[in-house]
Amino acid sequence: MNSSTEMKQLIIQNIRNDLQSRNPIFINLALQCVANIGDREMAVAFTNDIPRLLISGDTLDAVKQSAALCLLRLHRTSPDSLQLNTEWTARIIHLLNDQHLGVATAAVSLIDALVKRSPDEYKGCINLAVSRLSRMPMT
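For any residue, its number in our numbering is found by taking its place in the sequence shown, counting from 1, and adding 127.
One thing to keep in mind: the hints can contain errors.
Claimed, not checked - Here are the simulated DMTMM-like pairs of lysine to aspartate or glutamate, each with C-alpha atoms no more than 25 Å apart in a straight line:
1. K135 x D207
2. K243 x D225
3. K250 x D239
4. K243 x D145
5. K135 x D145
6. K243 x E214
7. K250 x D207
Keep in mind the hints are simulated off the structure, nothing from the lab.
Take these sequences, add in the hints, and give me the full structure.
Laid out in structure tokens, this is it:
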């Protein structure tokens, strides 16, 4: 997105307002906007906001799914800008056990990308992934 710094800061501030809203539609639209036009600056700006939505117990499943996919997109856009702390890493791994298949699938995609960047941080997800796979019905 090519625009002036002032305009970009206004856009980031409005997206942040939507991410902090109580309305899941606003939150979902903000996440989809970041996923579509996100760049290095947005990855830095939303490093705390998007993972917080992803791991919060109060967040709706559709929002968690969008948050995981948004983080994946930001990670692919600028992997060095996205810094997740160890608490978030552990909570993201536990999304593999989510009952909502969309959240679990989006979490798998995100974890796959994160594991490729730093495998040692995600060794804890091996047992969880095997456990989840063993519970899937075989047809």
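To see whether the hints hold, each was checked on the structure:
no.	hint	result
1	K135 x D207	holds, 20 Å
2	K243 x D225	holds, 22 Å
3	K250 x D239	holds, 12 Å
4	K243 x D145	violated, 31 Å
5	K135 x D145	holds, 15 Å
6	K243 x E214	holds, 19 Å
7	K250 x D207	holds, 20 Å
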